[in-house]
Amino acid sequence: MTSYLTETTGIKSWLLTKDHKRIGLLFMIATALALILGGVFALLLRFELVNPGPDFMDGLTYNRMFTHHGIVMVFLFMVPVIPTVFGNFFLPMMLGAPDVAFPRLNLASFYVYCAGAVIVLASLWFGGVDTGWTFYTPYSTSSPTAVATAAFGVFVVGVSSILTGLNFIVTVHTLRAKNLKWMEMPLFVWAIYATAIIQVIATPVLGMSLTLVAVDHAWALGIFDPNMGGDPVLFQHLFWFYSHPAVYIMILPAMGVVSEVVCTFSHNRPSSYRAIAFSSLGIAFIGFLTWGHHMFVAGMSVLDVGIFGILSMFVAIFSAIKVFTWTITLKHGRIRFTTPMLYFFGFMFLFVFGGMTGVAVATSSLDVHWTDTYFVVAHFHFIMVGGTLTMYLAAIHYWFPKMFGRMYPERWGLVGATGVILGFIFTFTPQFLLGNAGMPRRYWTYPAEYQWLHVASTAGATILALGLVVTLGYLIWALFKGPRAERNPWDSRSYEWLAPTPPPVHNFEAPLEITRGPYDYHLPESP
Amino acid sequence: MNEFMRKLLMLPPQASTLARSIDYLHYFVIITTMIGAAGVAALTLYFLIRYREGTGRDRNPPPDTRPHHARGGVSLWFELSVFGGLLALFVVWWIIGFSQFIRIAEPPPDSMTIYVVGKQWMWSFAYPHGAGSNGVLYVPAGRPVKLLMTSRDVIHSFYVPDFRLKTDVVPGRTTQLWFEVKEPGRHPVYCAEMCGPGHSEMRAEVIALADADYERMIQGLAQAQVAGPVQGLAIPFEAEPREPLSLAAMGQRVAAEAGCLRCHTVDGTPHIAPTWAGLYDAVIPLADGTQLIADAAYLTRSIMDPAAEIHRGFTNVMPSYQGILTAPQIGAIVEYIHSLRDVSRSPGEAPLPAPIQGTVPLVTPLEGTAPGEPRAAVPNSTGATP
Numbered sequence: 001m002t003s004y005l006t007e008t009t010g011i012k013s014w015l016l017t018k019d020h021k022r023i024g025l026l027f028m029i030a031t032a033l034a035l036i037l038g039g040v041f042a043l044l045l046r047f048e049l050v051n052p053g054p055d056f057m058d059g060l061t062y063n064r065m066f067t068h069h070g071i072v073m074v075f076l077f078m079v080p081v082i083p084t085v086f087g088n089f090f091l092p093m094m095l096g097a098p099d100v101a102f103p104r105l106n107l108a109s110f111y112v113y114c115a116g117a118v119i120v121l122a123s124l125w126f127g128g129v130d131t132g133w134t135f136y137t138p139y140s141t142s143s144p145t146a147v148a149t150a151a152f153g154v155f156v157v158g159v160s161s162i163l164t165g166l167n168f169i170v171t172v173h174t175l176r177a178k179n180l181k182w183m184e185m186p187l188f189v190w191a192i193y194a195t196a197i198i199q200v201i202a203t204p205v206l207g208m209s210l211t212l213v214a215v216d217h218a219w220a221l222g223i224f225d226p227n228m229g230g231d232p233v234l235f236q237h238l239f240w241f242y243s244h245p246a247v248y249i250m251i252l253p254a255m256g257v258v259s260e261v262v263c264t265f266s267h268n269r270p271s272s273y274r275a276i277a278f279s280s281l282g283i284a285f286i287g288f289l290t291w292g293h294h295m296f297v298a299g300m301s302v303l304d305v306g307i308f309g310i311l312s313m314f315v316a317i318f319s320a321i322k323v324f325t326w327t328i329t330l331k332h333g334r335i336r337f338t339t340p341m342l343y344f345f346g347f348m349f350l351f352v353f354g355g356m357t358g359v360a361v362a363t364s365s366l367d368v369h370w371t372d373t374y375f376v377v378a379h380f381h382f383i384m385v386g387g388t389l390t391m392y393l394a395a396i397h398y399w400f401p402k403m404f405g406r407m408y409p410e411r412w413g414l415v416g417a418t419g420v421i422l423g424f425i426f427t428f429t430p431q432f433l434l435g436n437a438g439m440p441r442r443y444w445t446y447p448a449e450y451q452w453l454h455v456a457s458t459a460g461a462t463i464l465a466l467g468l469v470v471t472l473g474y475l476i477w478a479l480f481k482g483p484r485a486e487r488n489p490w491d492s493r494s495y496e497w498l499a500p501t502p503p504p505v506h507n508f509e510a511p512l513e514i515t516r517g518p519y520d521y522h523l524p525e526s527p
Numbered sequence: 528m529n530e531f532m533r534k535l536l537m538l539p540p541q542a543s544t545l546a547r548s549i550d551y552l553h554y555f556v557i558i559t560t561m562i563g564a565a566g567v568a569a570l571t572l573y574f575l576i577r578y579r580e581g582t583g584r585d586r587n588p589p590p591d592t593r594p595h596h597a598r599g600g601v602s603l604w605f606e607l608s609v610f611g612g613l614l615a616l617f618v619v620w621w622i623i624g625f626s627q628f629i630r631i632a633e634p635p636p637d638s639m640t641i642y643v644v645g646k647q648w649m650w651s652f653a654y655p656h657g658a659g660s661n662g663v664l665y666v667p668a669g670r671p672v673k674l675l676m677t678s679r680d681v682i683h684s685f686y687v688p689d690f691r692l693k694t695d696v697v698p699g700r701t702t703q704l705w706f707e708v709k710e711p712g713r714h715p716v717y718c719a720e721m722c723g724p725g726h727s728e729m730r731a732e733v734i735a736l737a738d739a740d741y742e743r744m745i746q747g748l749a750q751a752q753v754a755g756p757v758q759g760l761a762i763p764f765e766a767e768p769r770e771p772l773s774l775a776a777m778g779q780r781v782a783a784e785a786g787c788l789r790c791h792t793v794d795g796t797p798h799i800a801p802t803w804a805g806l807y808d809a810v811i812p813l814a815d816g817t818q819l820i821a822d823a824a825y826l827t828r829s830i831m832d833p834a835a836e837i838h839r840g841f842t843n844v845m846p847s848y849q850g851i852l853t854a855p856q857i858g859a860i861v862e863y864i865h866s867l868r869d870v871s872r873s874p875g876e877a878p879l880p881a882p883i884q885g886t887v888p889l890v891t892p893l894e895g896t897a898p899g900e901p902r903a904a905v906p907n908s909t910g911a912t913p
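Line by line, the protein sequences are chains A and B. Going letter by letter, the first sequence gives residues 1 to 527 in the working numbering. Going letter by letter, the second sequence gives residues 528 to 913 in the working numbering.
You may find that some hints are simply not true.
Claimed, not checked - Stretch by stretch, here's where chain B covers chain A in the computed footprint (C-beta under 8 Å, at least three residues):
| hint | region |
| --- | --- |
| 1 | 104–112 |
| 2 | 245–259 |
Said to hold, decoys possible - So the derived list for chain B, only partly shown, Cβ under 7 Å to chain A, looks like this:
| hint | residue |
| --- | --- |
| 3 | Pro539 |
| 4 | Gln541 |
| 5 | Leu570 |
| 6 | Leu613 |
| 7 | Gly624 |
| 8 | Arg700 |
As the list claims (entries may be wrong) - Some but not every residue of chain A turned toward chain B, in silico, with C-beta under 7 Å:
| hint | residue |
| --- | --- |
| 9 | Ala220 |
| 10 | Pro232 |
| 11 | Ala320 |
| 12 | Phe349 |
Hint data in this document are derived by calculation from the structure and do not stem from the laboratory. It should be emphasised that the depicted structure is a prediction, and the values quoted were computed from it without experimental measurement. For every residue, glycine included, the Cβ atom is placed at its ideal position computed from N, Cα and C.
Whenever a hint applies, use it, and build me the whole structure from the sequences.
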């Protein structure tokens, strides 16, 4: 049986494919380009900050640069990456389905994403955007830069996000294989399902608020302009109502990858399947009630500060349940230490440290000092990027054999992962200290006493970049020259490994009938 | 212990009465965070090593007989107590943090009020007796001070790291921030909300003075002696005026006070804005490709409307000083630039101007466009939309 890679050939068969696996690969290329672009922006920012005075940018260029770093990384990489690449590729396979529920919609969501990305990047051409990815009014509505173009681009990317989410929800409800019960779905499916719910509910609010900004910017309607009776702080409420749940859109799929990686490589069932599945839903729900913790000093009532503070802590409890469950899953396992497991180990440190500093910044009196400083920058990079980026890389390595039918070089994998994790820690630990010392965010010149910490951070960023370059290098090598992979090289019990490697167009040779759970390591692995 | 932890975590000095207790909570929270993250990483590492493949410690194969949702040998009670304990810890943080937040939010009834206006990209302050200053906020040490703040354009955020305090400054609203500085001294102020190309230059300084010095300062009667590092070009404070100031010297003082010298150098060193050295009457290229002579008229126009004719190679980050500087002050600055006409434009050749003798009032009388005046009619309206 021919694989999905070779069934049809020609550029058209890829660009017009309705196969969820090929669409996943298209997304993989697009999001990888976004990661590289956002990473180059980040490095330029870091090198500008090596000296306290101006180096090779001016204030406006610097502001454009961090804005586009944020927009590209958040909206074009972290929000879509795991659902559109690995969700697309593996969610149907984990359900034993031949494809997603709406294959044409799936292809449409890819082109809508591309259109949005092109519009976002076109805004660079029309003068860039200098408002920060947060688009705070009234600065954004009065900025002379291409705010409306970028906001429209993000809006379009949001449409793609909704289409993907909708597709996944329907797929999970309708296309589960015969006998596949809800409580026997792989945990990655639960994570993607919870994410899809947030995408469908929250993204319209983002679209609405950005439309208001774009309209306000273009025609000066004064929706957020106090001179005309508008309220600038209203925008922050609307924006964070999406953008706080968006944090969980980014981290929940990563958590799904963690669950798969941990169980597979420790050959053990999760210490509590229900705890992991339901805490995903818990995070998705509570995540909608915590947006106010971004605005403790923005002019909220004291009562609101108290309420948002305590609600934020419940999210941390759900995350703690997951961390605890993963750790105990290792116990009595039979652990194979591979590149994904090294990423998992890095994830555990970054996620717990980033998560607990999240509770710290939700502690209202401490937040007064920390908010809008580098402490917050370091915190959200630890939890969002540290969490999502490490698990994105873990997922590439974990599923590489199934996706491409070849193995990656394990030793190089461990080298790359070490570079990424250490580089990451060296980049952002100095930024926690910068925030403590009072260095505000988004400063392109700064008092000289902060310099040595900036230099340390830039050095770390260089290591991180090298780690990523090494990773990209050997993965491209492995794509063509890696040793052929068996059907189930990790001896996993999850359903996607039942398919041939690489899978045929409709995933399985025969319709899948589920006879055991996805983590039944005490049973033989029978297709 | 306090000093050790403060320096270890690189926290700035604890200059306000609230800072120390906030820092204690900071130490508690951060130490717990580090223990938590290190503990989880250590436990993970231990399991990774102990249960690695080939050690024979695993339970499968042979097929295990655990119930379907086994917890890896961990009892439900243990699990519940872990999460209960964690929640209790977080609630303790919340209780302490929120009670501190209430103290931060509620100014003592006897606090004196100073009005603050944020504007791209400078801070203006107006004092109860009708005086005003730009870029430097004078406060009495040992007395609670309440700032009533608003913005003329976009959202700014008034941030004093040494006080551990920050509040957004929002157009159309009046927000407040109070503090009590423990001792006389100087403390940097930053804008913490991105407000445009000049955001990172939107800095100021709080100068806390002893009570008597403050009173004299605010009435414009005398200058105070202030110790500490000086931002920008140092202006020595004189207790007694020795002789009347020349117009250029007055201009130098006004330029330092208004923040001009944070971007414009006077010795030819390239910086954020065109240097003033040798600028007067020089032919300068403009951003639109034309040229003009930087005469007194151009310099005056540029102070009032900086965006109109921009020197080529520079970004417009300068705020308009219209309504902020008085006509005599602008005249003094132009005269000061005039006095720098013969300074070489290449750095290092000309010595810094000698310290000025004598004095002018640092605090200028309030103009008709007094910051905060209309908003001051609604005191304590924090968070309310007018």
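What are the numbers of the hints that this structure violates, sorted from low to high? Hints 1, 2, 4 and 9 not satisfied by this model.
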